[in-house]
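Asks: One letter stands for each residue in the lines below.
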Amino acid sequence: MRLRLAGALRPTGMPRLFPQSMQRMLTVSLTFDSPAPEETENYLQVVAPDGTRRPCPELDEWVKDLDVPALEKLYIDMACIRRLDMEGTALQRQGELGLWAPLLGQEASQIGSGRALEHDDFIFPSYREHGVAYCRGIDPHDLLRMWRGAAPSGWNPYEVNMANQQIVIGAQTLHAAGYAMGLKFDGSQAAAIAYFGDGATSQGDVSEAMVFAASYQAPVVFFCQNNHWAISEPVSTQTTGYIADRAAGFGLATWRVDGNDVIAVMAATRAALAHVRTGSGPAFIEAVTYRMGAHTTADDPTRYRDALELEEWAAKDPLDRIAAHLGGLGADLEELKQRTEKATNDMAAGLREAITSMPDPEVEDLFTNVYSHPHPRLDEQRENYANYLSGFAQEAEAAK
Amino acid sequence: MRLRLAGALRPTGMPRLFPQSMQRMLTVSLTFDSPAPEETENYLQVVAPDGTRRPCPELDEWVKDLDVPALEKLYIDMACIRRLDMEGTALQRQGELGLWAPLLGQEASQIGSGRALEHDDFIFPSYREHGVAYCRGIDPHDLLRMWRGAAPSGWNPYEVNMANQQIVIGAQTLHAAGYAMGLKFDGSQAAAIAYFGDGATSQGDVSEAMVFAASYQAPVVFFCQNNHWAISEPVSTQTTGYIADRAAGFGLATWRVDGNDVIAVMAATRAALAHVRTGSGPAFIEAVTYRMGAHTTADDPTRYRDALELEEWAAKDPLDRIAAHLGGLGADLEELKQRTEKATNDMAAGLREAITSMPDPEVEDLFTNVYSHPHPRLDEQRENYANYLSGFAQEAEAAK
Amino acid sequence: MTSLTFSQALNTSLRDSMERDDKVLLMGEDIGKLGGVFRITDGLQKDFGQHRVIDTPLAESGIVGAAIGLAFRGYRPVVEIQFDGFVYPAFDQIVSQLAKMHFRSRGNVKLPVTIRIPFGGGIGSPEHHSESPEAYFAHTAGLRVVSPSNPQDAYTMLAQAIADDDPVIFMEPKRRYHTRGEVDTELVPEPGSLYRANVLREGRDLTLIAYGPLVKTALDAAEAAVDEGVDIEVIDLRSIEPVDFETLTASVRKTGRVLITHEASISGGIGAELSASLTERCFDHLDHAPVRVTGFDIPYPPAKLESHHLPDLDRILDGVDRAMRRNPPLVGEDG
Amino acid sequence: MTSLTFSQALNTSLRDSMERDDKVLLMGEDIGKLGGVFRITDGLQKDFGQHRVIDTPLAESGIVGAAIGLAFRGYRPVVEIQFDGFVYPAFDQIVSQLAKMHFRSRGNVKLPVTIRIPFGGGIGSPEHHSESPEAYFAHTAGLRVVSPSNPQDAYTMLAQAIADDDPVIFMEPKRRYHTRGEVDTELVPEPGSLYRANVLREGRDLTLIAYGPLVKTALDAAEAAVDEGVDIEVIDLRSIEPVDFETLTASVRKTGRVLITHEASISGGIGAELSASLTERCFDHLDHAPVRVTGFDIPYPPAKLESHHLPDLDRILDGVDRAMRRNPPLVGEDG
Ligand SMILES: Cc1ncc(C[n+]2csc(CCOP(=O)(O)OP(=O)(O)O)c2C)c(N)n1
Ligand SMILES: Cc1ncc(C[n+]2csc(CCOP(=O)(O)OP(=O)(O)O)c2C)c(N)n1
Ligand SMILES: [Mg+2]
Ligand SMILES: [Mg+2]
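Protein chains in written order, with the working numbering: chain A, 1 to 400; chain B, 1 to 400; chain C, 1 to 335; chain D, 1 to 335.
Take these hints with a grain of salt, some might be off.
[Unchecked claim] Cut-off 20 Å, straight-line C-alpha distance, at most; resulting in silico cross-link-like pairs (PhoX-like, lysine-lysine):
no., chain 1, residue 1, chain 2, residue 2
1, C, K23, B, K184
2, D, K23, D, K110
3, C, K110, C, K23
4, B, K337, B, K73
5, D, K23, A, K184
6, C, K46, C, K23
To be clear, the hints were calculated from the coordinates, so they are not data collected in a lab.
Since the model is a prediction, treat every value here as computed from it, not as a measurement.
Can you make the complete structure from the sequences, with help from the hints?
Replies: As structure tokens, this is what we get:
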């Protein structure tokens, strides 16, 4: 077995611990040729898919504190966001949401990292980080508003230290780099973190974000969820090597972790945060995970990927593994199951309540917040449109 | 001495040979802190500044054929483009050119690479590659046209297999990647080569070009002249590590060479070309050199850099070194000097003739070649403007 | 003649162009196995292979820049931008490279690149999926910008755009992808017809100019106006740049009234140029200022509000009433 | 009152803004030791340090994106784009992020970023150094776009732009950098005056609208027209978006004639919007269609031809003659 532990805490300036292997020549084969498990497991892991604890010198110290209650909490968190995700998909099917981007399969990556953050750390997400938003305690109304088509976005970023969803691939990574520059100028101990996917790594903005972060040694963690797909394109369309390697080339400290191992992800995120907080420059985490669902509810993945591949990844499920691990630690799984059920049901009820109680937006919202202070022409347009609408109201009145 | 030979022929997928060191924290010190020579010499070298031959197992085989006459030719080439450059600067001072971008100091990088190319290889330059254009035999009229402000550019790219000058930093690297994709689709044995500077490596386009080139394993060589400055910004503003390392992170085969050593540059370019021609994917060369002159004739480098630094680099002069080397090989330096003088004088005469014989552009040129076939509105504008101008002519006539 | 949807017409047109000329190749995100998120390239990779239907890395500047390189090498790349709002990362390559290379190279380099952009709203999508960026491109010298409004034009105009030696921005009205119509794939269009406007309905009282998604809406409005005693001439612009002023001017000099409609924001939109130019060209024939019925000067709004932002039949008729001086003028305007 | 050049006025304004508010910081290429290629930031890094006058990596998208992040954190970044033609790599960050964040965040996030762009031609530069991209930004909802024409406005408007909570695109007419004028740095401008047009010269016969580099040319033309018996009102637009239609409309209703001049290409330029809007607002007062005297629909030409492309006094007077119906109409136009 060619297992090489990759991406251990490697402050910039230290040699890389693993080579760039796994070249895939795209133009020859664009089908996803499932690499042998030995190859994919070229990352840091703490808990194996069957729940057994693996020694991991690079990460162990970062999760020493995780006792059974803490692990149970992580389990419940993951179950809650899985439920959140199922509800999102269901609400879309029922026409309550316009669209939904499932996170199924990525629970460990989102909870492991989300729970590693301090309150003051500022998050710049993409559109799939419902699990990270959950960690921030974001209100269900605010979580669903955008997906319902009721508002351009949901929450107030400053209340939860998390920017609104970003749809333009990679754009938020630069915001995170800039925010982190500001943190540094302020002498703050907080960090910024940017979430993005494997596909995003091809965007110039993501490379530029690494350039800026490195140049100013800004306290930012780039968190890449390599879920193996960018809509229909396998990660091999974006890169011939490991994504983490690319970041290393920009001078970032990098970790490549099993993204379905919530403990490993939490450990790596804590390590990366500690690294950036010391002023040692930016960090990069590649969390190797898998998008079990469709890209969005508008997508049909059967057109481009194999059922076999799904099965393979189902065997690496983030929840099953932590449950098995807890079992091994002697936790009361029956009791945990009950607590989980209650928590997930509460979650689901909250979401449903949020949808039924969410008011439709007002016409007035069209013109509000385009600018922060008056804009005469837009004000005219608002007035003209109001007059136009009131004309209908008058006609309707007259017709009575 | 910490000399590590870096960037030897390393096909993608093989371990990198050198670590990322030399972090510089910009925000703390933006002054160029001249690294100790031991550190900067972390590259492949064949001829030392004093002219002595250094063994270089990674490169030697690629320049076995270079006998004294071949080396003399390279020397004369370098002298010619140095003269070309001096004339360019002088012509600008005299008001014959609107602007000039000096190549002084970069002769070895441009001649070493330019002379390694085959005729069918297609070049995508930036604005400073007069030396590469010289290798292509580009007519002096065509070379100067753009700098004179007489035309948007000079030569016909298809006659010389070299695209016109590119001013937008980094944009041409994507064209090279795309062209190389086409070469591959065509089953051609030719390669594309993109020239750009150290500053350009920060641009998203350059990163994207590496992504595309790697994904399609396209036969393209990225040739970065790291001349240590992007106008007033030292290379440390762009990167905390070696530029070559960044390319390695994208999965490219990389070479980091002494860019003032014409033999080393030629060897690395030949090696890189051979690599890409075999279909093994793209390659990257970082030629470590120095911009001895101003950024352009509009620039005043005394505002931002040290005379000391210039002196240091003057000691590494690409011409002196090859002359010393030739002396060591027993070449007739007096005769070489005479031939060089003649060649450079011919070059200068050709340039001056080109300037004096270059017609001013026609008003008609404004409207020509915006589109390749008629555009009714533009045709109207052309007609209206011609009428307008002829009105003046008529008035002038009437006033007689 | 076959009955095809708008998207099938595009798919057939791509296929026919690729068969006619083996230098034509397609590039974009998810256009291979998936056939594109709108399935416009459905089945083409299977039939033409991965070298001619190329799934690219997720980087729009890279896609357009690489297409330029391929065109340098003699290819005729057809680029798909997945949605309108994702064309901006490629803006520099489009505006500074694609548009200017022919001029820069003094005519030596032609870049016959077609950039297909599904554009416009009305499909209930989140941010960045419903924009109308055509004015940015129309203001850029060196580009040609066209937009078909029906399956036949979709077929013909795409083939013409691909065959054109200049770069063409090809704006596809995504909410009309499912419209069905008769398509003659044998039709050999007159040379230059890609840039001719199309008088779809003759009328005496007012010239109604639309393109892409709103052509259907304009035709509906013209029918509705009959009841109100207004005889509207409807012109499908087809080519946004260059504009076929010959056709437009003839109509406006006849009717004396103009209404222009588009989804993009009003300020600096295509309607501004059409209004200004038609006023210059037809001032002495105009009975009223050209009227614009367009999107507001706002970012594209969330799905639940988009019906307010998008011009519809009622808003167009309201504009007609103003042009006919039957309605009071807007705030800030003369009669 | 001090006598300052345009560029000194900008420099002083930056300095004063930085002194007033320690959240103001400057970002750009070569703005530190070098003081920018036009020396607008000369001496500021020395006095304010490297954290407030930041030399950035060579990546415009990165600069604007990082500025957005800094604004998220409470800073007021002032970005310098080195030349007009290099703003396009940042287009996505400007158009999809900077312009839309306030709307996207439902008013929670303000991005008081100022983007300074030295723009326009007339300095004999090669490609990409003389462009006029203002129309792209003016068409983008969420941005404000302004351009000063003289040292006093340079000083005042830059301070106002930096103090504005919305993103402002600040277009600096680079060929006027050396213009000298009296500047009152104590002047406290009325609130909102950043967005008011400035009537520089009153006149009865025609309203001549210019901004940035051509304001001086417009004033010269107005003086020259006196000899020809035409009394021109010259308005410095100052704010390109929003446009101060109140001032413009009052003038046009008085004169009945409009001429708009700018360097950018005519098709889809600012002149199109002004012409269309003023026709809508003043149609019943117009004696002639608004006339546009602008750059042609071409890429910015090489230095030796730029004087043909750029509107000058003669071309403006030629336009005046057409507006006065003293000259025959252009090809394709009505009287
Ligand atoms: C600039 C841009 N281009 C294209 C898209 C359309 N798009 C949305 S998601 C997506 C794939 C993203 O893949 P990845 O980065 O791996 O993230 P994931 O969806 O897998 O979480 C694409 C192409 C976009 N949103 N933005
Ligand atoms: C996109 C873009 N931004 C800014 C500039 C202005 N500019 C011209 S050259 C230059 C520095 C380039 O440095 P480098 O890439 O190292 O090349 P060198 O000039 O040293 O050869 C800059 C910033 C430009 N031409 N293009
Ligand atoms: Mg993905
Ligand atoms: Mg350089």
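Asks: Would you mind marking each hint as holding or not holding in the structure?
Replies: Each hint tested on the structure:
About 14 Å separates the Cα atoms of C/K23 and B/K184, which keeps this hinted pair within 20 Å; it holds. Taken as a hint, the D/K23 and D/K110 pair is honoured in the structure, with Cα atoms around 14 Å apart against an allowance of 20 Å. As the CA atoms of C/K110 and C/K23 are separated by approximately 14 Å, the hinted pair is consistent with the 20 Å bound. Of the supplied pair hints, the one linking B/K337 and B/K73 holds, its CA atoms being roughly 12 Å apart against a limit of 20 Å.
For the suggested pair D/K23 and A/K184, the alpha carbons sit about 14 Å apart, so the restraint of at most 20 Å is met. At most 20 Å may separate the alpha-carbon atoms for a hinted pair to count; C/K46 and C/K23 meet this at roughly 17 Å.
Hint violations for this structure: none, all hints satisfied.
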